[in-house]
Each structure stands twice: as C-alpha cells, then as structure tokens.
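**Q** Assembly of the complex is requested from the two constituent chains, each provided in isolation within its own frame, with the hints serving as guidance.
These protein sequence lines map, in sequence, to chains C and U.
Residue 1 is where the first sequence starts when you use the numbering used here, and the numbers rise one by one after that.
Residue 1 is where the second sequence starts when you use the numbering used here, and the numbers rise one by one after that.
Mixed in with the good hints, there may be bad ones.
[To be verified] Footprint (simulated), chain C over chain U, 3 or more residues, beta carbon under 8 Å:
(1) 1 to 8
(2) 254 to 267
(3) 325 to 337
To be clear, the hints were calculated from the coordinates, so they are not data collected in a lab.
Think of the CB as a built atom: it goes at the ideal place given N, C-alpha and C, for glycine as much as any other residue.
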Amino acid sequence: MSDFAGIPMVVDADNYTERRTARVAIQEIPGGDTFYIDSGGRGPMFVDMTVLVQNVSVLGAFMAQLGASNTLRIDGRDSHTATLMEVGGPAQQPDGQTKATLKFVVTDI
Amino acid sequence: MPVTIRTTNLDASVGGNNIANAFGARVSLGYDMSYGTASVDIAGDWPGGNFGDSIDIIVMGENWFSGVLVQVDYTLYPRQITAQARGRMSALEQFRPPGEINPREAGFLLDDLTGGPATDEAIVSTVLDLAGVSTNGGSIGGTGTTMGTVAPEEFAWKGKESALSYIQRIDQISLGYRTFESTGGTIFRSQVSTIPEGGSDFTFTEGEDIASATNTRSIQEAYNAVRVSGYDKGDFLDPRIFVAGGGDRLFELENQMIERRAESSIGEGISCEAMANYWLNELDRVLVKLRMTTPRNDNIGPGQVHNIVASSRLGQSGNLWVQRVDKEYASDGKISQTMTYVGAG
Chain C
1 MSDFAGIPMV VDADNYTERR TARVAIQEIP GGDTFYIDSG GRGPMFVDMT
51 VLVQNVSVLG AFMAQLGASN TLRIDGRDSH TATLMEVGGP AQQPDGQTKA
101 TLKFVVTDI
Chain U
1 MPVTIRTTNL DASVGGNNIA NAFGARVSLG YDMSYGTASV DIAGDWPGGN
51 FGDSIDIIVM GENWFSGVLV QVDYTLYPRQ ITAQARGRMS ALEQFRPPGE
101 INPREAGFLL DDLTGGPATD EAIVSTVLDL AGVSTNGGSI GGTGTTMGTV
151 APEEFAWKGK ESALSYIQRI DQISLGYRTF ESTGGTIFRS QVSTIPEGGS
201 DFTFTEGEDI ASATNTRSIQ EAYNAVRVSG YDKGDFLDPR IFVAGGGDRL
251 FELENQMIER RAESSIGEGI SCEAMANYWL NELDRVLVKL RMTTPRNDNI
301 GPGQVHNIVA SSRLGQSGNL WVQRVDKEYA SDGKISQTMT YVGAG
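Next up, chain U with everything else stripped away, as it sits in the complex (with noise of 0.2 Å):
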C-alpha cells in the first residue's frame, strides 16, 4: 500500500518576519483572474506589520505567494486573526495614467508611452514599469507584432482606464497571450490556447495522486465559423474583416485595435485573418473542463500544461491548460492543491 507521510509546515511572513502562529493559509491563481490573492490564518495577537507590506506564503519549501498585505480581519471568540493579501498586480487596478490628464481626452498615446508603435509585449512591460510592478522572475511574452501604426488613436490609455483594463485590452487582441500572476509572486505573458502544445510540467494519474476530480466534455460551446472586423476607418480597398472556417456555427469578433484585414494587407498589426484563425482553432472543437484535487506539493501554477492520464474515471488522457489554482494549508497541516484545467477533445 503505497502511503506518502508528511509532516507539513507553514511559513508564513509579513515584512518579512515570521508568523510564528500562523496556522493555515488559502492562495487563489489563474490566468481568469486579474491578480493572486491570499490569506493567512492567525492565532491570538497580531504578530505586528502594516498595510502594503509584502506577505509571503512557503509551504514545505514550496513558494506558494507573494503579495501585499490589504486587509486584516478579526473575529472575537474563538480569536482568529485573518490576514488579507492580494497579488502585486493587484496595484494595476488603482493606476492610471499619471498627470493632469482630462479623464475626457485620449490619455497617453503610444508615442506617449513606448515612443510610437510598439509590439504587444513591449506595451504590456513599459505599463507594467511605469506601475512600478515587477514580473519579480516571470517574463513578458508576445506575439512580436507592431502595433499602433494604422489605428494608433485606438492603442491610447484613456485618462480614466486602469492599467490593469488597459493590459487587458492588449491582451484581447494578442492571440491568446494573457497577463497573469503566478507562483512566488511572479508575473508571465504567456501565450494559452485550448489545444497545449510541446511536452506537460508535471502528471496526475488516477488512483496515484488524484484524490478528487470531475471532468466535463460538451460542444455546447463550439463554433465552426469565426468572423472578426477590426478598424473600420480608411478601409474602403481592404475592408477589415475576415471569415475563416466554413460551417454554419458564426462566432462574431468584432475589436477596432485590429489594424489589418489579412496577414497579406500592407502595413503593420494584427489582422483579423490571425484573429479568426486563432478563434477558429480555439472554439471549433469539444471543451474540455476539469477540476481535480490533489494532496501534492508540487510548484503548481497557472498558464502550466498537466497530463492528465484518468480514462477510467473522468474520461480524459492528455495534456490540459492549468487556468486556475487553489491551495489550501488547513490547520490539520492538510495540504491540497486544486486545479481547474481547460482543453480540447
């Protein structure tokens, strides 16, 4: 009878000192939320730090969070203390442009911010350094496209836009790359489609180390047809709109930081050719939803590929998408760690 014991441990900190009663801890990641979150359960006093100190979350070695301290909850009897943290990204909600900037008027420009058109990643960096936000390890992928050169009054950060909504308006039309914290305080832009290419970062076998799973396979969601239009001024020799995919199922995208009608039109900037083709892949197919408990430890993160081998029970064997994490340290020094995976069929 295969038994893995452990004697579990937390190290929890706030300013960098110790929790010494610190005895459970929630974390919250997915590349579906805007930021991590976290939180720290205390007993008796308040071990002493303040608003915006950096809570860090190690649970037997592994780096589970790294975020600031933005909450502190109290409860009388029996006295718990439970301390509140969000993820760095988090301080991209409340940025915004800086300066006297009408909330009316475009805000900064490209040529504001990155000095004229510039590829996604490049954008979503220089936001990130004017937020003062660290990717603290992680790295700023892209698609490598100029942006910004036929529409570049679409690529201004309003006055009254956050930092993290602007991210996300980069991200909506970047082919599948998304923004997002992970492990340790890190923050990626990694490129996710449905269907996980190249090899898994780790493997979940049934009856090994799954301890609870549902699987959920539908096409309720599916599409067989994408029609994306893009930047509808000055258009009139190549309009910008693309149809890829056949069927009768139509999925509509319609997003005006678009800048090119086909991969072959002149100029720089996505095209809704790439558009569709990306949404073609991503929605003409069987979704494939998962979610799935398991008591290992391991640096579990989302934007990571899992291999999932669980036919006889929850009808999947393959790689799938980590959209999500949550891990939880219980005061029974129980660890477990659940995903929620996406993938295609």
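Chain C extracted, bound-state conformation (with noise of 0.2 Å):
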C-alpha cells in the first residue's frame, strides 16, 4: 500500500508521472547555425498521480496535508520527501471509495 504522510491510497500505474526538466536557455545566432546553450542545472522533480482511496474522509485528509512536507511512499519505489501541491477528484462511487488525483513536488533529490 502507498501513502502519503499515513494516508493510505492505491496508485494507479497508467496514470503515474514523474517528470523534470532542466533550466536550459538556447540563444540562435541568425546568419548562420551557431548556437548557445545555457544550463543554469535542474529544476525540481514532480510526481502526478490518480489514486483510490478508502472514502472522503481520506480525501479530506489529504486536503489537510496541502502544502505540507512530508513522506510519500509509492509500491515498488523509494520513498521521498515532498511537498503536497494539489488535490483533486471526481464524485465518490457508489461503493464510497473516490478517485483522486494528487500532484507533489520531491524536495529530498
């Protein structure tokens, strides 16, 4: 089971994202085919997800954790530190459990 900060939830792998981009600035020279690449490093690592959780309550819970650092553990993956930075979902389904989808940003890398 994965978590965030205790909160249990159940990944969905098809809609599973970690992405990062670097600070690159290309400058073109016109005239020719020189150009300048700039690195100023690495922008931060973001994960987006879908999960199912229990009910809303737990998606309340999350909604608590909105800003907050903490630890988030995915199956099969190493735990990080992150940031909570979104928390949104669909209506609950008929058997209580709701969809959600969370977006965070990894500070421990």
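**A** What follows is the structure in structure tokens.
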C-alpha cells in the first residue's frame, strides 16, 4: 500500500508520472547555424498520480496536507520527502471509494 | 553546427558573504550613466547584510559588478527579494564640499582643492580622493592641460554642487575625456571620440556571436561648422571665440571654463580652437548607433572599442565605442550582454 503522510492510497500505475526539467536556455544566432546553450541546472521533480482512496474522509485528509512536506511512499519505488501541491477528483463511487488526482513536488533529490 | 554549451553559474555576495539562493542578476554600465547599477534576485529569506555593504556579482568567473547595497525590494508571492546596488561613483552624487560653506559663495577654489591651477585629471583625481572613491584598479586620464590660471573663479567647486556634477563640469571641457564606472567597480577617465582610433578589444561577427541587433546610420545630428566661445572677461585683445569648419550647419558651444581663444594664444587652459576642432570631428560625420545582444560572457565595459563585422545584415563593418552595456543572468541560466554602440560612418 502506498501512502503520503501515512494516509493510504492505491496508485493507478497507468496514471502515474514523474517529470523533471532542466533549466536550459538556447540562443540562436541569425545568419548562421551557431547556437549557445546555457544550462542553469535542474528544476525539481514533480510527481502526478491518480489514486483510489477508501472514502471522502481520506480525500479530506489529503486536502488537509496541502502545502505540507511529508514522506511519500509509492509501492515499488523509493520513498521521498515531498510537498503536496494539488488535490482533485470526481464524485465518489457507489461503493464509497473515490478517485483523486494528486500533484507533488519532491524536495529531497 | 557550431554549438557552445555552457554550464553557467552566478556568484553574488553581499558584504563578502555568498548569496547561496541568488538566481538572477542584471548590471548596467555606461559612460553616459553617472554610475553603474545592478540588481540581484534572491529566492527565500534575506541572506543577511546591511545597506552600504559591498555587492559583488561574478558570472562564470567574470567580475560583472562591484558596488554597494542601497535598496532591498520584497515580493510577497512568489516570495522573492531583489537587492539593488549602485556603483561606488554614486557616492559622488551626495558628496559636496565639506565644511561650513555658504552655498551662495564659491565653495572650493582650485587653491583650496589642488593647491592652485591643475590639470583636469588632477582635479578629478583630487575630488575622487576627497569623496573617498577609489578607482579600484582603473585609471584617471586627461588632457594634461593646466586649468584655472585665467578664470580661476569658473573652476570653483560651488557649495551646493555635488562632486559628481563638478566632475562632469570638468569633463565637459576636457576634449572628450569622461569619468565613468566599468566592470568590477573600476573607475576610468578615458577619451571617447566618435571615431575610435587604434585596435579593438573584441570582435563580434554576424552569424557567429550576434544574437540580435539593430543599427541606425544618420546625418540628422551632423554639423559641418562649430563655434565655441569661452571666458568673456578681459579678452578685448584676443576675444575667446573660434569657428572651426566652413559649413553652414553651425553647432554652438559656450563655456566660461574655456580660458584661451586659440592654441597659439598666451597663457594656459583649454582653448576655443581645441574645443571647436574636437567637436567638429565629433559632429561632421554620419552617426552610427548600433545596439546588439551577444551570448558571449567576455569582460565587456563602457569605453571599449569593438569591431562589429556585420555588413550583410547590419550594414556595419568596423570599430565602434561601447557606450553602454546591460548584462543579464536569467533564472534559466541564460547569459546575455546588450551593448549600445556609437561611432561614425
């Protein structure tokens, strides 16, 4: 079972993305084929995922963690310190479970 | 395909302490500016330091700027602090002749300042020393002409006149010598004329290292005759007025600190003839104004001469003066320098 700040969730592997971009500026020189590429380092890693949680109370628990830094554990992957940036999701399912989309920024790599 | 790949870095410090969370910087230097200015963008908390502390900006080993912290700007969200700095010449703006001087009176005569008549470079050096402003490795050049023998009262540093204003007044009659701030906090006094002589400090070539540019060539500010009049007291035998050039587009200049009519006139001081010939050379030409941005991180400062090889797209091939340079280290690591050039065609 995966969790954030100890709040359990089931991660949908088909809707899980880790992304990280470099700070790179490209200056093209007109009249030739010369380029200057400046690398100013890497940006932080973001993790976006869709999860299934037990009920709307759990969703509320995630919302209470917005902006907080805590431990993000994903099954089969290293755990990281992350800050929860965004929580969203549709209405709950008939069985009471609900899907949620979570966006994190990882702060320990 | 020639590609230059750089891992850029910004080393900014305040009071000698590194600003670890600095992510951007801008620097402006020019001989048309009274002093240099700079700003440093800082993420998160203020790193410490006080007003008046030294601010130093080094980008990939090149010393872009050295000055003093004068202002701090805070932004609520996203949280950001911008440290504003000025070059050390800014101290001249608020420095006036010290002591209990009646502002309506003359202030410091050259007798008080330099011990008597002195060359323009000696006057400027003395004022810089008095204000506690070091050239920081720069140099103070000048015409070598002794001033203040014929019209000493005109060279008085007035009680309510700033040191910067007084230096600029001396520069106005110094045949193109200007006092300005360059990279790393250096202060120079160099002769700048429209047509650069000698070699160039750097060469920039179209298609190689010019990212963007515009160039204007114009005769709208051109004159083919110059009339200069100077100190007008007691000059009945040799009136201090001189006309250079025989054209009908006449440029007029009057300055009471010009103490002689011609170079052959007796006495010492700048002559109307020397000023007229200097200005005629400056004004009887096609004026070239070129503005160009380069990704290069060379040590570029005002008063340098650059060879711009861009005849195809910019209509320019030859040497131009760097009047001003604006340097930027962007948050994505991009380095750019934008120069404003002047020259003659």
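**Q** Would you mind marking each hint as holding or not holding in the structure?
**A** Going through the hints against the structure:
Counting residues of the segment 1 to 8 of chain U whose C-beta lies closer than 8 Å to any C-beta of chain C gives 8; at least three are required, and the coverage claim holds. Coverage of the segment 254 to 267 of chain U by chain C is violated. Counting CB-CB distances below 8 Å, 0 residues qualify, and the rule asks for three or more. As drawn, the segment 325 to 337 of chain U meets chain C at 7 residues by the rule of a beta-carbon pair under 8 Å; at three or more, the given contact holds.
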